[in-house]
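Participant: Using the hints, position chains H, E, D and U against chain F.
Protein chains in written order, with the working numbering: chain F, 1194 to 1246; chain H, 220 to 447; chain E, 1074 to 1845; chain D, 1081 to 1351; chain U, 39 to 456.
Check each hint, because a few of them may be wrong.
What the hints assert, rightly or not - According to the in silico footprint, chain E covers these stretches of chain H (three or more CB under 8 Å from chain E):
no. : stretch
1   : 374–380
2   : 397–406
Stated by the list, open to error - Straight line, CA to CA, 25 Å or less: simulated PhoX-like cross-link-like pairs of lysine-lysine:
no. : chain 1 : residue 1 : chain 2 : residue 2
3   : H       : K350      : D       : K1149
4   : H       : K439      : E       : K1419
5   : U       : K412      : D       : K1334
6   : D       : K1237     : E       : K1148
7   : U       : K412      : D       : K1339
8   : E       : K1200     : D       : K1233
9   : D       : K1267     : H       : K439
10  : E       : K1642     : E       : K1653
11  : E       : K1321     : D       : K1149
12  : E       : K1321     : D       : K1102
13  : E       : K1148     : E       : K1654
14  : H       : K381      : D       : K1305
15  : E       : K1148     : D       : K1233
16  : E       : K1102     : H       : K418
17  : H       : K320      : D       : K1237
18  : H       : K340      : H       : K320
19  : E       : K1321     : D       : K1305
20  : E       : K1203     : D       : K1237
21  : H       : K350      : E       : K1148
22  : D       : K1102     : D       : K1237
23  : E       : K1759     : U       : K209
24  : H       : K320      : D       : K1267
25  : U       : K412      : E       : K1748
26  : D       : K1334     : E       : K1419
27  : D       : K1334     : E       : K1321
28  : H       : K284      : E       : K1102
29  : D       : K1102     : H       : K402
30  : E       : K1102     : H       : K424
31  : H       : K439      : D       : K1102
In short, the hints are calculated from the structure, not lab data.
From the three backbone atoms N, C-alpha and C, an ideal C-beta is built for every residue, glycine too.
One letter stands for each residue in the lines below.
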Amino acid sequence: MFPFAFEWVNDPVHFVFMGSVYTVLILLVIILHYCGIRGFLDWLCKKEDHNDH
Amino acid sequence: MSTTEEKEQTAGEQGGEHGPEEATHEPVKPGAWRFLIPIVAFGAGFVSLLVLGWVIFPHLLYGEKQQPVDFSHVVHQEAVDEGCESCHFFREDGSFSGIPKLENCVQCHEEPMGESSEEAKFIAEYVEPGKEIPWHVYARQPQCAFFSHAAHVKMAELECAKCHGPVGDSDHARPYQYNRLTKYSRDIWGWNIAGFKKKTADRMKMDDCAECHEESKGHKDACFVCHK
Amino acid sequence: MDRRTFLEILVGSTAGAGAGFMLTPVNWKLMDDVTIWTQEVWPDFFAGIPERGEVTHANSVCNLCPGGCGITVRKVADRATKIEGRRGYPVNDGGICILGAAGLQLLYGPWRVPSPLRRVGKPGSGKFEKISWEEAISEVVRKLSVLRRKGKAHTVASILGSDRGTVPNLFARFLKAYGSPNFICTTSAEDTSELALKLMQGGKASAGYDLERANFILSFGSGLIEGWGSPVRVIKAHSLWRSGNLRKRATVVQIEPRLSNTAAKADNWYPVNPGTEAALALGLAHVIIRESLYNIYFIRNHTSGFEDWTDSAGNTHMGFKRLVLTEYTPDAVSRTTGIAAKKIVKLARAFARARRPLAVWGRGKGSVSGSLYECMAVHALNALVGNINKPGGVSVRPEIATHTWPRVYQDATALAGFSRSRIDGANTNRYPLTKYLPDRWPQIISRKEAGTIQALFVHDADPYYTTLDTSAVAKAFEQIPFVVSFSSYLDETAFHSDLILPNHHYLERWEDLPTPIGLQKPMLSLLRPVVSPQFDTRHVGDVLMTIARSLGGAVANAFPWRNYKALLKETMGDKWSTMKKTGYVEEADYQPPIWKDAFATRSRRFEFYTTALKRAGMKRNKDLDYLPHYEPITPEGDSETYPLTLIPYELIRLADGAIGNPPFCTKAVEMTELKGNDIFVEINPKTAGDYGLAKGRYAMLETPKGKAKVLVHLSEGIMPGLIGMPKGLGHAGYDGYLAGKGVNVNSLMGVVEDPISGLCATWGIQAKLTSV
Amino acid sequence: MKEVHHKGHGNEHHKGHGRTYKYGMVIDLDKCTGCGACMVACMAENNLPFRKDNTNDRLTQNFWMRVYKISNGRPFPDSEICYIPRPCQHCEGYDHHHHTPCVSVCPATATDYSHETGIVSQIYTRCFGCRYCMAACPYHVRVFNWWDPKWPKGMNKYLNPDVSVRMRGVVEKCSFCYHRLQRARNKAYVEGRREVHEDEYQTACTQACPAGAVTFGDLINPKHKVYKLKDSPYAFRLLEKLGTNPKVYYVSTKDWVRKAGKVFLGNEGRG
Amino acid sequence: MRFFAKFSELDSALIPKGVKRCSFQCFLVWIGILHIPLMVGVVATLMCWGLALNVTYLNNNFPFGLWIAADLGVIALGAGAFFTGFLRYIVKIDELKNIVNFAVVVGVICYAAAQGILGVDIGQPLRGWFIFWHANVHSMLTEVAFCITCYFMVLCIEYFPLILENRRIYKFGFPHGVAHHLHETMPTIAAIGVFLSFFHQGSLGGVPGVLYGRPFAFREGFLVWPWTFFLFILSAIACGPCFTILITWITEKFARKRLVKRNVIDILAKISGRMLALYLILKTIDTLYWVKVAGDVGSPFRSFYANQPYGYWVLVMELGILGVIPAIILLSTKARQNENLLILACLLNCAGIFMNRWIMTVQTLAVPVMSFDKFISYHPNWVEYASTLLWLWLGAIFISLTYRYLPIFPQEKELNPY
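The following block holds chain F by itself, in its conformation from the complex:
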């Protein structure tokens, strides 16, 4: 069973539709994580600077 599609049918419409949905979702997740992690790392670096200071 494919997530988000119990009624999975092997036809192009499904592939295209679900493919797009998943691409979008994955992209969004990647972007969020990217920003979150980068932000966290920035913060850690800054923080150490601060402590050293």
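Facilitator: Showing chains H, E, D and U alone in chain F's frame:
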């Protein structure tokens, strides 16, 4: 836009407000380890929710009941000639009798047949007053489902155990667990709280029906094959 | 701990908990379970879905109307879940009508009387208390013993829905042994029809119509597909008429002022002025006779009174032929009926030339007795074409003989009471031929001094609702100190009773049913319990016997049977085993007697001129009075104040008799008949124009008997000047599913008596309709 | 916008899995008397609700089988009436062109066209009540449960266990009494048959109709009564021109009835 | 009173630097006032959920009513967000950065409203997730649901950095970093948003357009794809910016100061006007073609408009008064400069889109299909109005809060120095 001075200032201003109540966590470590605080807090929250979800939750969700009579399939299997169908038979109209009615039991059990105390209890409590036994049905399917035993047993020639598991080999009636919210038997979702299954008989959700239909027929079948 | 640490811990642990939560099955599981809750637990909470179980079928007979269809009840475990028509049953062969299909709603409905009830509030207040059967029966016994002791046995009366079968006979027997002549039954067109047969053909029998084989059906207002006769059987016959290549195995002509379903399905619809059907029938006879299209053999050899004749005293009497030829020329009839003379001639020719023509009579479902002369006029048409006792015609049908009961020994009190004259005036010099006049007694009671009736038993009837001029009935009920209803339902009569002794529902009891109305072959069928009694009810037969036994003496002796079932078994005799096995016995090879032996009149012929009527002591001397003729039954009210005429119409989707319409049927009523609690009246757009009425708007309907607020429905299917109003609404009994919906048309109508039979011949009433 | 067509194309979908059927109905309007027995039989069979304040406007009342009363609109006395019983039409659509109107729009696959039986199913436990299918159906066969399924006290006893009781907030419609096919199949299987006889599977309305106006069976089985009846020169289908390809046929010898039934658009449609 | 002082202090600490806001008391009163109609809406919503949908005037003939029309309408109105984002990040019209934040705020409200209204509209909201889990991808509604949910996520992500930019939150290092990086990726996010919006705006046209049982709305062949698809996108992007302008204007009226420079507004108005003009041309072709096709197959065109209240005036109103007039105003530079005319045009344009969506859903259902169908009219009852307008009040509160605490109008300080 913001400056470090501002940050420290505000922290200093309002720091005292919440402090003491929240001191249950590990003591504040100064210096380099300080950055671990959020990470440890994260871990603690993470683990406690995991425990809650995987260990405690099932106990909250499911209630348990004992069967009215401790029934032994083993003993009965030995006593009857036609296997499961001796008691779980098809009616003339093609419907399946399911769990036998008292009248079926009485055919043999008018008088005690053995020494067992459970049988004595059964006869005293149900046979003599002529009361139907309020069995809890492990495999009770929801109102919306039409399960055809005839199609599966007579046409597809499935073994009972395929879906019901080795019930026939049980010597005792296992406790019946039910979902407090849905009133379903726990056997439907399966005893694994995550819904994982190893054997076909471990779960009885629609997905499991569909899985088997897909394997044997090549498609999941139309809705109305099993729904009503 | 400083503020920052706190925030870090808070945010960190919340994020951790959040992440951990996403990795537990809780969210997914609960989402699924909440959904299942909406799917299973929620609907079950409201509906109370019963357990599944083994499916079985039980056969019985439907007695919601005189149609007597066979039914098969599908049961799951001990619950009845569906009523279906019984396949292979002689009457309905698998079909079922709308009311029959909804029978289970009557069985399980909240309008059932749950146990014996005694009125505690004021009469008609509907306040009852539950009492035990012993208490209830002893109360009846106490009242009856006192009356009998006081020599007032004759003031006990009963109103029943029918006089055929063991239960009505038990009532009759009870009253006879107790000492009252007042055994009254509600009447219908069947009574008039039986009377007409008796007068013209002699003997006591009902009419059987060979609808299946007739190929020209001339219906004088009969709602053939609206529940006339045995509804399913007639509808099946209708389908036969519509079979064959061009779907015209038979021609159907409907004569009716309103486009009923029957009229809509008929090949030809002749909108006739209401109440002039007899004139039309005689007009047709005129053409048939004038053009010698009648069955000359039959008329010459097997009828009397056709030609002018001379009696033994030497007086010459007018025959049917002369009457018709002189009085009912197409032109004259055209003026009366509103149907063009040309059409009359055409119709008469078509009818007479058809291979198997059949004229049927009985307005709507036949619930109103109607005019005797009209019935005779229509029957005369059947005689003219010689279809009496012929395939595709009308025949006499006796009942299957059952074991007769031992004679009732009447003690002195019983004899004294029984010899008193009946309260309803039937069987008197005025109305020598009529058995019961249920529509007359309310007026009589209200006119006479109080105490005429001291106790009234009502079974299988709802006179409080069905009798015309409801307010007079209500007044009459007020005069009766003790009303006992045996109804299973809280109908109007039960509502106004002092005591309700609920009978088992028809799916809970044993009873025999006579031949369904209109069938050619005699039949006897068996009502049997399909489910165990759902409430604390008792079989009316048993209750009556218990009462009789408690009264003691001769009354008790008249009922030697152990219980009702024993009586039923004994009465059915050798037929019992067959009935129990198959549910019915039928004289399948019954053939109506051939013409030579068919007529039990004095002349042994079909009598156009009914000598029987003369012999019965009618104080009428004109020849005309003994011949079928047109004698207008004038509706009440002056046409100045009430310029329009209200005609009730009947619908198969609306039960209008003793049984209240079940919710399913009410749901099926068209939106042009009922809207919420408002009833529609049907008028022609022309009428609407004349009186300033608008579609879908409220109007006040007024008749000499009362008034009601109604909605206006415009229809091109009704004659201008008429107001059509559906029958069967306006109940006050039962439950909110029926009570308060619409207006009871009976309350707006009055009784117009037939001059000969005294039965109710009302077909309409003058009315006015003003917009509000 | 996507090209919309059948999901799981009938033929390949069921290759090698027994016969396919096209259950359908032929309703003889000449015989239909408008008595309404079909409506009540359907309501009783399928646990349809009813309410005290039914306004009889047919707008919030639930009927699976609804009998329409239609008129030719001519003035008195040329006025005529005809009754049209209307179950779900079980539209088949035409492959790759038109599809069952309600099936393709359902967002949750709660309704489905079975290529094995030709029946359009409605799964109440799946439906979440968006009512898109009701908008799609030109025949108004789909009705919504505006109320909770309440019965007067004691009335729940007659509920048919073969048909689920619908909760509020879902769409329901005629199923051609599919549960009867399920039962009939059970019987056949126990007797070692795969095929169900014509008379073993009949809908409640067919069975109840006192006029015998409703005939039900497999439209592609020459042995079934409907096979011939549907080819009557007087046969038509409702809104034929829309291309829904319904499986309910009507027979009427009256021209105005045929015209009123099939006409929406003037010229001949497809199929 | 001490509490109040504390909160008041917190409030002033949260207000962006360098801008002036009304007093805390004044703000509380304003929010309080908004809660009165809001509560009516909440009651209506709870009635729908608690007592089932019989509390509405919807019925079996009108399974779709105000709610669906409103759904389609607000999504179109919310198109300002994606279209402005598209112009700002992809076409790179730099001035629009001054209104893009607010367009996002309006978009969030519109899309939240769409989902919220749908949550009341469906009979079994607890099972609403079936639309994702048991998705039938052939259904237009599935497509719309997926797209608006995803796009709502996108909008939330676009809105998120605005929160992080709040004075107090921004001070922490971590949110600062996240906001910074989110800003960096904004063009990608906007692109995803455009992709999603593009599809569901078009698919919304398909919602009634695929109902071939309803000839009034049904289009075939070329007329359904790509014609209707693009018509719907066009109509949405023609009115979306107008709606943003309208809301900005209203916000300015309440704030009693300018928040966005005229030239920014003018750019949006100009683009909106062109889109509307293009839409009207295509829509006219569509209508004419539809009239012709309808005529070819037996002239039901007249029958579509045979029953009041859906007479020909509907057509005149939708395309003429609510279409051509705003298009002319928006296209004319001179008229655009007149603020009153501009706002009138925006109002007409937004009303036009709403009317179009109403016609496509409700009138579609009102037009009888079977010859013996009775024409029945529908109008919503207070429950439907209240539960729909609920989102207006929620939106007002949301904008009030956002405006008060977040720096959404970059030009505010410049325009209102103090």
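Participant: Which of the listed hints are not met by the structure?
Facilitator: Per hint list: 1, 3, 4, 12, 14, 22, 23 and 29 violated.
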